[in-house]
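All chains, please: the whole structure from these sequences, using the hints.
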Amino acid sequence: MCLGIPGEVLSTVEGPLRMGRVAFGQVIKEVCLAYVPEAQPGDFVVVHAGFAISRVDPEGALRVFAYLEELGETAEKLGGQSP
Amino acid sequence: MCLGIPGEVLSTVEGPLRMGRVAFGQVIKEVCLAYVPEAQPGDFVVVHAGFAISRVDPEGALRVFAYLEELGETAEKLGGQSP
Amino acid sequence: MRYVEEYRGAEEAHRFVQALHARVTRPWTLMEICGGQTHAIVRFGIDQLLPPGLTLLHGPGCPVCVTSVETLDKALAIASRPGVVFCSFGDMLRVPGSERDLLSVKAAGADVRIVYSPMDALALAERLPGREVVFFAVGFETTAPASAMAVHEARRRGLRNFSLLAAHVLVPPAMEAILADRNRRVDGFLAAGHVCTIMGMEAYGPLARAYRVPIVVTGFEPLDLLQGIHMCVAQLEDGRAAVENQYARAVRPPGNAPAQAMLQAVFEVVHRTWRGIGPIPSSGLGLRAAYADWDAERKFGVSAVGGREDAECRSGSVLRGLLKPPECPAFGTRCTPETPLGATMVSSEGACAAYYRYRRFTGP
Amino acid sequence: MRYVEEYRGAEEAHRFVQALHARVTRPWTLMEICGGQTHAIVRFGIDQLLPPGLTLLHGPGCPVCVTSVETLDKALAIASRPGVVFCSFGDMLRVPGSERDLLSVKAAGADVRIVYSPMDALALAERLPGREVVFFAVGFETTAPASAMAVHEARRRGLRNFSLLAAHVLVPPAMEAILADRNRRVDGFLAAGHVCTIMGMEAYGPLARAYRVPIVVTGFEPLDLLQGIHMCVAQLEDGRAAVENQYARAVRPPGNAPAQAMLQAVFEVVHRTWRGIGPIPSSGLGLRAAYADWDAERKFGVSAVGGREDAECRSGSVLRGLLKPPECPAFGTRCTPETPLGATMVSSEGACAAYYRYRRFTGP
Amino acid sequence: MSTLLNRSCPAPLKHSTIQLAHGGGGRLMRQLIEEVFLEPPPALAWTERHDSAVVPLGTERLALTTDSYVVTPRFFPGGDIGKLAVYGTVNDLVMSGARPLYLSAGFILEEGLAMEELRRVVASMREAARECGVRLVTGDTKVVDRGKADGLFINTSGAGHVPEGRSVHPRRVRPGDAVLVSGDVGQHGIAVLSVREGLAFETPVQSDCSPLTPLVEALFSAGVDVHALRDTTRGGLASALNELALDGGVSVLLEETSVPVNEAVSGACELLGLDPLYVACEGRMVAFVPEPQAEVALAALRGHPLGVAAARIGRVTEGPAGRVSLRTRLGGHRLLDLLSGEQLPRIC
Amino acid sequence: MSTLLNRSCPAPLKHSTIQLAHGGGGRLMRQLIEEVFLEPPPALAWTERHDSAVVPLGTERLALTTDSYVVTPRFFPGGDIGKLAVYGTVNDLVMSGARPLYLSAGFILEEGLAMEELRRVVASMREAARECGVRLVTGDTKVVDRGKADGLFINTSGAGHVPEGRSVHPRRVRPGDAVLVSGDVGQHGIAVLSVREGLAFETPVQSDCSPLTPLVEALFSAGVDVHALRDTTRGGLASALNELALDGGVSVLLEETSVPVNEAVSGACELLGLDPLYVACEGRMVAFVPEPQAEVALAALRGHPLGVAAARIGRVTEGPAGRVSLRTRLGGHRLLDLLSGEQLPRIC
Ligand code: SF4
Ligand code: SF4
Ligand SMILES: [Mg+2]
Ligand SMILES: [Mg+2]
Ligand SMILES: [Mg+2]
Ligand SMILES: [Mg+2]
Ligand SMILES: [Mg+2]
Ligand SMILES: [Mg+2]
Ligand SMILES: [Mg+2]
Ligand SMILES: [Mg+2]
Ligand SMILES: [Mg+2]
Ligand SMILES: [Mg+2]
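From first to last, the protein sequence lines stand for chains A, B, C, D, E and F.
Per the UniProt record's numbering, the very first residue in the first sequence carries number 1; after that it's consecutive.
Per the UniProt record's numbering, the very first residue in the second sequence carries number 1; after that it's consecutive.
Per the UniProt record's numbering, the very first residue in the third sequence carries number 1; after that it's consecutive.
Per the UniProt record's numbering, the very first residue in the fourth sequence carries number 1; after that it's consecutive.
Per the UniProt record's numbering, the very first residue in the fifth sequence carries number 1; after that it's consecutive.
Per the UniProt record's numbering, the very first residue in the sixth sequence carries number 1; after that it's consecutive.
These aren't lab readings, by the way, just hints derived from the structure by calculation.
Each hint should be verified, as a subset may be incorrect.
Stated by the list, open to error - Here are some chain D residues pointing at chain F (derived, C-beta under 8 Å):
1. Met-1
2. Tyr-3
3. Arg-8
4. Ala-13
5. Gln-48
6. Arg-359
Glycine is no exception: its CB is placed at the ideal position from the N, C-alpha and C atoms.
Dropping the structure here:
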């Protein structure tokens with residue numbers, strides 16, 4: 001459930017129902033942007049069932065790797081501690 | 001137009017709309033008999049568009065041949081006259 | 001089949017033919033009224049057996065040929081309505097209206113069905129309560145009682161999703177129109193036997209007398225037709241102009257009383273336009289006011305939009321016996337059964353189609 | 001694809017796996033809530049990389065699995081009505097109701113269509129004014145805003161031939177039902193990331209505290225899942241029970257305000273029966289009275305007829321993490337994706353189907 | 001002679017959409033084939049105007065043919081769509097002088113078709129294939145959405161082996177050839193009509209559907225130098241003769257009284273206003289044989305139960321290509337034209 | 001191992017009517033074929049589980065195959081139903097090692113189809129046949145009432161000649177064989193989906209539909225002892241491998257990272273929740289070749305423009321018949337099962 005895929009907003013159409021074209025790699029689809037009023041062309045949004053449900057936070061996107069770095073450092077520290 | 005075919009009444013169903021089974025040689029069809037109230041099983045009727053429109057008169061049916069006979073006799077008479 | 005095979009004997013037919021050869025002294029032109037007669041004539045090749053100078057013309061007795069373009073356009077408009085099941089006899093499906101025919105509206109998505117009897121359309125209305133079933137009621141006095149009964153039963157059974165597009169026509173007024181034409185070529189008529197089983201023969205007396213033309217009520221089998229021709233020729237040769245009944249096994253002079261009563265109850269005489277011929281006063285049957293709820297024209301509010309007939313088509317002259325089909329310049333070239341310009345090229349009983357299909361090549 | 005490929009790197013994944021091996025000292029059982037997470041786990045084989053003793057259970061986060069038989073029977077009844085165009089997401093079509101599924105009513109003549117979005121159903125209603133278009137609104141908080149918008153737009157545009165069969169369900173009450181079970185095996189949750197993009201994380205604090213269970217809001221890519229697992233395990237190993245956010249790139253703690261507002265305007269919280277699990281109070285969303293005209297249940301007057309679930313099916317235990325699919329006696333014999341006894345054998349995200357399709361053979 | 005029959009100058013297709021008549025086996029269909037399938041440049045399609053194509057395979061001669069079966073209703077007195085699908089294609093192979101060997105079967109099924117009905121049809125095909133001595137060696141199944149088909153369509157294609165020395169082709173037809181028919185005509189069409197919705201009538205008529213292999217083999221065994229064969233399917237005897245006359249470039253003259261029509265068929269035809277010469281058969285053929293061998297051929301046909309009613313019905317004459325005419329029982333003549341579309345009941 | 005995969009004991013058919021899934025190329029379809037078409041007594045139907053049947057004709061070996069084409073929409077980026085109807089059947093011939101020679105074409109037309117559309121389809125078939133060097137030698141046209149079909153269905157059956165010495169059949173597959181694919185997968189399916197009503201999206205993806213003849217001839221020319229071939233049509237790569245593994249009685253293990261999928265296809269699959277390994281192709285095949293010849297075979301494929309993306313994707317292993325599994329990019333394993341029906345977009 002809840003298949004959500006990140007795509008890049010290419011353009012927006014303002015109006016009673018905010019719409020926009022969103023690119024998923026080389027695939028482009030029309031998507032409802034009413035729930036992401038802040039999303040602008042160039043932003044990435046997570047799309048589910050034809051609706052953008054969230055804007056992707058580029059900073060938040062790096063946290064996984066930061067976490068992994070920390071893990072590595074911890075492991076090194078632990079490794080360093082052992083002998 | 002007006003394709004009408006003689007068939008033999010096999011059975012009748014009395015009611016608000018008189019119906020019956022009619023045989024055309026070896027083909028049997030259900031036919032409306034409302035317009036031939038006098039037709040009984042064994043009678044022949046002329047059927048058009050699902051309706052019997054006339055009872056066949058067995059005597060009338062011979063008239064063609066009678067006419068032909070007369071023609072023949074006339075011809076003989078004429079032939080007899082000529083020499 | 002009894003009452004069929006007996007009337008197709010080759011030996012008897014040749015005796016009739018011989019008698020005709022013996023009897024005819026001058027050229028005569030007869031018209032068989034009914035398309036069914038036309039069909040039998042070409043099917044058995046009867047025209048080819050006649051003495052030279054004795055010509056048969058095909059009359060207007062084919063409802064497919066005479067139903068007006070205007071009526072057809074109404075039929076096409078109704079058939080195209082969503083939810084309508086449009087029921088028709090088979091041959092009407094190929095007749096061109098102003099722009100299309102029923103087959104092409106069917107191909108475009110309309111629900112058009114062929115029925116054998118108006119009662120089949122009625123049964124369909126009972127089976128499909130959510131649909132509007134319309135029966136395209138064409139035909140002469142022979143067929144009108146069947147349509148009448150269908151409407152009558154619809155009212156009796158309270159079937160409000162059934163209606164009739166009434167386009168019935170009457171034979172005697174058309175015969176009179178032919179007779180009244182100053183260019184007429186017809187010397188005598190073979191009247192339509194099945195029409196007379198319903199209506200009897202009374203209507204023809206005045207015509208025969210007024211126009212001094214023999215009228216022989218004739219059947220549909222080869223011997224019937226040959227006898228009818230002989231009776232007609234005999235009258236002409238003798239200078240008589242009476243109404244006679246060749247088809248005595250099926251036609252009684254007063255006709256069919258219950259059928260006439262039903263016609264009377266359901267229909268009233270109306271003016272009608274005949275395709276090719278034009279308007280003929282009091283030449284059709286329309287639904288009475290009591291049956292207005294079953295009148296498809298009223299139900300669907302289709303208005304007469306003045307349909308156009310093809311300008312090149314000479315079917316009016318063909319139908320009135322003024323022209324033989326091959327004399328029409330379009331015959332067999334621009335007008336064929338695949339691309340008919342006129343209705344007479346459509347029905348298998350239509351004069352032009354009959355010529356095209358059965359007589360196109362000369363010789364065997 | 002950006003924000004996809006980065007999170008699938010084998011090298012990073014293995015670093016996570018190594019870290020997990022290093023971190024785990026005891027057996028733990030985690031449940032991923034969302035069917036989308038289940039799908040990614042089996043697709044990438046993540047479960048096979050985990051340290052022995054670290055077990056993943058598939059949660060109830062698949063609307064196909066939890067929609068009640070009763071609701072399905074209503075859907076089947078509505079879809080079978082003449083004139084109805086019944087729109088649904090693809091996977092719902094194979095879920096058995098008491099006796100049939102949507103595919104079989106479709107095969108029997110119903111007009112059942114697969115849509116990608118509720119807005120596609122709305123567009124259909126605009127294109128087919130003569131038909132009644134019904135959208136089968138299943139799904140969690142992620143999907144409900146889409147349904148809400150469709151109804152809202154239908155009202156705004158005056159489309160009265162559109163309606164919703166509302167069957168939306170809410171995640172937190174289901175998690176609480178699982179936690180409250182005295183046989184529970186779940187030590188920690190990977191909460192459903194996309195649900196949280198809409199609803200935020202606030203609902204989980206009370207649960208984590210009350211049941212002393214770690215809850216990590218988690219995304220759907222391999223690295224997301226591995227990180228989420230690691231975060232959860234770390235809490236367990238440390239004896240903590242907090243709510244944490246692994247899926248920071250998409251989830252903000254307060255959630256999506258416009259979507260929540262729309263949910264609030266269109267829906268109200270209702271009781272719902274979950275398939276396999278039974279009734280859970282305040283666990284669903286139903287249409288508010290203001291939208292009664294777009295409520296398919298009302299429009300078609302379908303009454304609850306108390307659908308029967310298959311007696312043999314243990315999907316309730318599977319959904320609550322009490323049973324692994326192969327432990328069900330029917331698994332793979334009487335129950336297969338072709339002949340599913342329970343909904344969890346239907347959806348490709350259903351726990352039983354996932355086991356059957358991806359793990360049936362042992363070894364490669 | 002009408003230009004319409006002149007193949008070098010076909011009238012332009014009037015219809016911008018497909019009409020039922022384009023499949024009726026009559027003139028519109030011929031036009032469709034000529035203008036859409038065969039037209040320039042270098043013909044896409046079947047280069048042989050024949051029931052089957054005969055083509056080389058290595059050192060052998062292979063006969064190939066294909067037909068789709070869409071009959072409604074699918075079950076009718078004396079047969080069903082499955083039987084037709086086997087016999088029909090086998091017969092087309094046989095009409096080129098081939099020995100039928102293999103069939104393919106392509107099913108297009110409409111969602112919602114009763115499984116039981118499919119089983120019955122398949123069982124019927126199995127039985128028919130056994131009877132014909134052919135093997136169904138390859139197949140395909142497609143299922144389409146409800147409302148996108150009519151229950152069940154079957155395509156069968158057939159492959160056969162043409163033995164050395166046989167040459168059966170319309171172009172071998174010569175003026176003077178005798179025209180034989182293998183049995184009475186029209187039973188199949190009437191059997192199907194008798195159970196068609198809205199037209200139903202009672203009749204003892206059963207479909208004549210049957211394989212023609214034994215009759216053709218009987219002709220060859222009797223040493224007959226068969227010039228051309230055609231099974232009289234869609235459009236009946238008259239259409240088959242029109243096709244052959246057109247393709248062979250000859251005229252044909254029939255004797256009405258020689259054409260075998262059984263009584264029940266002729267009764268049904270009277271009732272519906274049909275011409276039995278245009279009513280479909282599924283187990284009859286016409287054979288064009290040299291006049292001197294006509295009696296031998298007739299005896300060979302009559303020697304098999306399927307050929308007992310075989311008759312000599314006419315002869316090939318000089319004359320315009322494609323003219324088929326009939327001497328009526330009264331001695332008149334009429335053309336047997338290609339139909340424009342399907343023959344419709346002349347009920348009115 | 002599940003009993004469902006044990007062919008001697010198929011589960012009874014649950015459905016009493018035909019479901020769309022019976023045509024989806026997955027398990028239900030296999031069940032339908034086994035239980036309705038092949039079941040006892042003496043099999044009616046295709047005795048060879050293969051794209052084509054290879055049967056004797058005199059002294060020669062004849063390959064026969066059939067397929068019906070019902071794709072909607074009929075025109076899609078990179079192709080149309082006419083092309084498919086030619087390539088698809090040619091490819092099935094080629095998969096049995098045959099040289100394709102002749103095609104038949106059976107059209108079922110829905111009343112009301114635009115004549116222009118038919119012309120376009122026929123023109124496309126003509127062009128495709130020319131490209132494949134096959135001749136359309138026989139045909140048939142049926143027209144059905146409006147609403148009784150979906151515009152246009154085409155059946156093509158194909159006949160080919162199997163040269164001496166070639167033996168390509170699933171039963172020749174051996175543990176250890178290398179599994180090759182001739183190009184990237186899923187383009188056709190995505191191209192068609194992209195223009196399907198209610199799902200439309202923009203994509204540069206074009207159907208991969210193309211003839212496989214040159215690739216197969218390249219393999220033989222390179223002296224490769226090809227064990228088995230299968231084109232990856234309905235149900236895509238995974239289904240083709242499942243079929244071959246079942247019919248050859250072996251297991252297959254794929255490497256996920258070796259399977260070529262182009263970026264646009266994988267994007268569309270992410271969006272719709274589809275697995276590209278199950279998405280249809282119409283110009284790709286898998287080849288099972290002896291391990292020692294794998295590199296030669298790969299080089300032969302890559303030497304042709306249609307084979308530039310050819311890849312070695314896995315190998316045949318000992319194990320239960322029909323087990324196809326995949327080592328994921330992360331080193332886990334998953335089964336690639338036969339689907340129950342068609343793959344539906346996982347939109348939710
Ligand atoms: S041949 Fe055609 S155009 Fe001429 S009168 Fe007859 S129908 Fe009209
Ligand atoms: S295997 Fe089937 S019967 Fe058992 S719990 Fe799963 S769905 Fe229910
Ligand atoms: Mg034939
Ligand atoms: Mg054929
Ligand atoms: Mg044939
Ligand atoms: Mg196939
Ligand atoms: Mg249908
Ligand atoms: Mg194949
Ligand atoms: Mg095939
Ligand atoms: Mg194929
Ligand atoms: Mg054919
Ligand atoms: Mg359609």
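Hints and how they fare:
1. Met-1: Holds: closest Cβ of chain F sits about 5 Å from Met-1(D), inside 8 Å.
2. Tyr-3: For Tyr-3(D), the interface hint is violated, since the closest Cβ of chain F sits about 11 Å away, which is over 8 Å.
3. Arg-8: 7 Å, holds
4. Ala-13: 5 Å, holds
5. Gln-48: 4 Å, holds
6. Arg-359: 7 Å, holds
In summary, the one numbered hint that this structure violates is 2.
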